[in-house]
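A.B. asks: Okay, here's what each chain looks like letter by letter:
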Amino acid sequence: MYGVTNLLLIAVILINFFTLGSSRLNSCIRAVAAQGALLALIPLAAHGLTFHTVVLGVGAFALKGVLIPWVLLRALRQMRLRRESGPLIGYIPTMVLGALITSAAFIFADFLPLRPEHRGGLFIPTSLATLFVGFLLLMTRRDAVSQVLGYLVLENGIFVFGTLLAEAMPLMVEAGVLLDLLVGVFIMGIVMDQIQREFSTLNTERLSALKG
Amino acid sequence: MLAVLVGLPLLMAVVAAVIPWYRVRSWLLAVTGLVHVVLAGLLVIHPLRAAPPGAWVGLDALSTLVLLVTSLLFLGCAIYAVPYLDLRRDRGNRMIVPCLLVFLSVMTLAVIARHLGVLWFAVESTTIASAPLIYYNRNALSIEATWKYLLLCSVGIALAMLGIMFIGYSALGLESHVSLQLDDLLRQGPQLSRPWLHTGFVFLLVGFGAKVGLAPLHSWKPDAYGEAPGLVGALLSGGLTSVAFLAVLRSVQIMAAAGDVAMARQALLGMGLLSLVLAAVFMVRQPDLKRMLAYSSVEHMGILAIGVAIGGLATFGAMLHLVNNALTKGCLFLSAGNIQRTFASKKLSTVHGAMTVLPVSGALFMAGFLAITGAPPFGPFLSEFTILRGIVAADRPGVLAVVLIALATVFIGMGSTVLAATQGEPGEPTLRGQDRFLLTAPPLVMLLAVLMLGLYIPPPLRDLLQSAADLLEAKP
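Quick mapping for you: the protein sequence lines, in order, are chains A and B.
Residue numbering for the first sequence is 1 to 212, as defined by the working numbering.
Residue numbering for the second sequence is 1 to 476, as defined by the working numbering.
Just so you know, these hints were derived from the structure itself, not from any lab.
Treat the hints with caution; some may be incorrect.
[What the hints assert, rightly or not] With a cut-off of at most 16 Å between alpha-carbon atoms, the simulated EDC-like pairs for lysine to aspartate or glutamate come out as follows:
| id | chain 1 | residue 1 | chain 2 | residue 2 |
| --- | --- | --- | --- | --- |
| 1 | B | LYS148 | A | GLU205 |
| 2 | B | LYS148 | A | ASP110 |
| 3 | A | LYS211 | B | ASP183 |
[Said to hold, decoys possible] A few chain B residues facing chain A, derived, Cβ under 7 Å:
| id | residue |
| --- | --- |
| 4 | ALA17 |
| 5 | PRO20 |
| 6 | SER125 |
| 7 | GLU144 |
| 8 | THR146 |
| 9 | LEU150 |
| 10 | ALA158 |
| 11 | PHE385 |
Ideal Cβ placement from N, Cα and C applies to all residues, glycine included.
Produce the entire structure from the sequences given, and follow the hints as far as they go.
C.D. replies: This is how it looks when you write it as structure tokens:
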């Protein structure tokens with residue numbers, strides 16, 4: 001099973017790069033959806049088929065892979081938005097930064113006091129790299145949709161780390177966490193719609209009236 | 001019993017979303033608040049049998065204290081909401097009433113949670129439930145405030161989840177099954193893997209600290225409190241901050257059980273002092289009444305953190321201050337809401353002579369200012385003084401100096417703003433306000449409660465505060 005898990009984790013890292021380099025919001029959302037769907041398979045691949053992993057996998061697949069992207073795509077369609085308003089740092093420099101961060105995550109993971117069974121594995125570096133890429137998106141993108149995507153990528157990174165703990169989170173709690181994510185993104189979608197109506201743009205740099 | 005405390009507001013939220021009658025919906029809020037207070041009061045008088053170790057929810061001294069505070073504050077705000085929502089028929093209450101009720105429900109869940117996962121879920125839900133509340137006024141400014149609040153708190157809370165995972169990782173391999181239940185973690189404390197525990201604590205502090213509004217993660221606070229309606233500001237600054245602070249205290253508890261309370265205290269002290277100083281700087285010449293109150297909230301969260309960081313007597317003071325801060329902030333935000341509505345502004349350029357225009361609300365705002373800045377004989381004086389005595393007893397002259405200078409700055413800065421707003425002649429002499437009974441009674445009662453706490457602390461409350469403070473001390 002290790003082969004499958006590692007393949008999935010590498011795919012997650014590759015999708016990180018795709019989101020950093022793409023300017024089309026539609027494909028960005030689809031990429032994050034694909035990342036979510038792949039992540040949902042990781043508990044199954046890593047811990048085998050149990051009731052816990054199956055329910056978690058199906059739940060995460062439905063929410064991260066289908067429902068949340070659907071909410072975002074629908075919001076995007078209603079706002080008739082295609083491209084993002086341009087990043088603070090260009091796409092190529094962001095990609096380079098992403099590559100640096102990812103390598104740093106791999107080096108950093110070697111220094112962590114991991115348990116013997118996790119040493120040298122891909123879990124921790126992938127989790128850290130995805131986390132940092134989420135932060136990078138949040139910081140370098142100006143439009144609201146990309147910021148929400150950054151938040152989702154960040155959440156995905158945390159999800160990868162969570163699979164290491166297997167069943168520490170009871171299913172009820174996992175379900176609650178996923179539900180929070182869904183409702184949160186839904187509300188963010190509504191607020192985005194209002195931003196678009198009020199300011200005729202999703203560029204969050206326009207949200208700067210409140211100071212002091 | 002605990003299930004009713006969480007479930008009842010949730011059920012009422014559904015009812016409120018369904019029924020078509022405007023006034024009934026407003027009253028539903030007040031009735032639910034009342035039932036909630038009664039149930040919470042019953043729980044204090046007849047404590048439940050201690051929850052079996054391993055239970056996901058339960059009450060200890062800390063959670064009983066925060067439960068009482070949030071429940072009482074909510075009742076006050078709910079009664080205030082009835083006439084308030086009558087005045088705001090243009091905005092409607094179909095959205096705000098269910099959201100307020102869900103907010104109460106998830107706050108209660110966060111308070112009684114004894115499982116880190118449940119705690120996280122509840123705290124994140126408070127963010128989601130309160131976002132529509134901040135957005136109530138539906139203008140460009142409130143959209144901006146809501147967006148910043150949503151994004152910053154969601155990301156912060158995501159980091160708290162990472163912190164919880166790290167703490168889970170620190171317990172990996174100790175027992176056959178990793179548990180994130182608080183009692184289990186406290187029991188395993190000394191065996192937890194140090195580096196992971198410390199990293200986890202830092203992330204929890206950052207994540208829940210963003211929700212508490214401790215500097216440097218407070219930037220959403222002035223925006224959100226400034227643009228939200230007064231009653232929402234009261235609930236956020238008195239209720240939500242207390243609940244989030246409880247979440248921070250849970251991580252301190254785990255650190256204390258692991259024997260690393262010194263490190264936790266150092267981190268809290270740093271953030272507390274930074275909050276206090278930053279808030280003091282921003283409160284001088286603050287031209288916006290509600291933003292001033294928001295910075296005051298940052299300041300008092302800083303004081304709470306410092307109190308817990310010093311330990312001993314100061315922790316007791318911090319527990320008392322948590323109660324005082326919640327009630328005083330309730331009074332201040334509700335009366336500030338009355339002033340803002342009458343003057344149609346919260347800016348110092350427009351608001352003058354509030355005492356002439358609104359004798360009751362103006363006086364309440366003035367008295368609330370005196371209370372929150374620690375003037376005797378109000379409660380915050382007693383609690384801040386206790387914290388200061390704790391700092392002296394712990395022999396930390398540097399901390400004492402910073403705290404005293406910051407408190408003096410806050411008094412002067414806040415004083416000049418409040419005096420300019422309440423005294424003098426109103427800009428438009430024709431302006432006549434109207435103090436309605438139900439819009440002034442809740443802040444008045446809160447102020448009286450704070451006054452009482454300054455003069456006399458009932459023995460049962462003192463015991464509760466003491467046992468809450470004891471939970472935060474390192475086990476020998």
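A.B. asks: State for each hint whether it applies.
C.D. replies: These are the hints, each one checked on the structure:
no., hint, verdict
1, B/LYS148 <-> A/GLU205, "holds (11 Å)"
2, B/LYS148 <-> A/ASP110, "violated (36 Å)"
3, A/LYS211 <-> B/ASP183, "violated (43 Å)"
4, ALA17, "violated (15 Å)"
5, PRO20, "violated (23 Å)"
6, SER125, "holds (6 Å)"
7, GLU144, "holds (4 Å)"
8, THR146, "holds (6 Å)"
9, LEU150, "holds (6 Å)"
10, ALA158, "holds (5 Å)"
11, PHE385, "violated (31 Å)"
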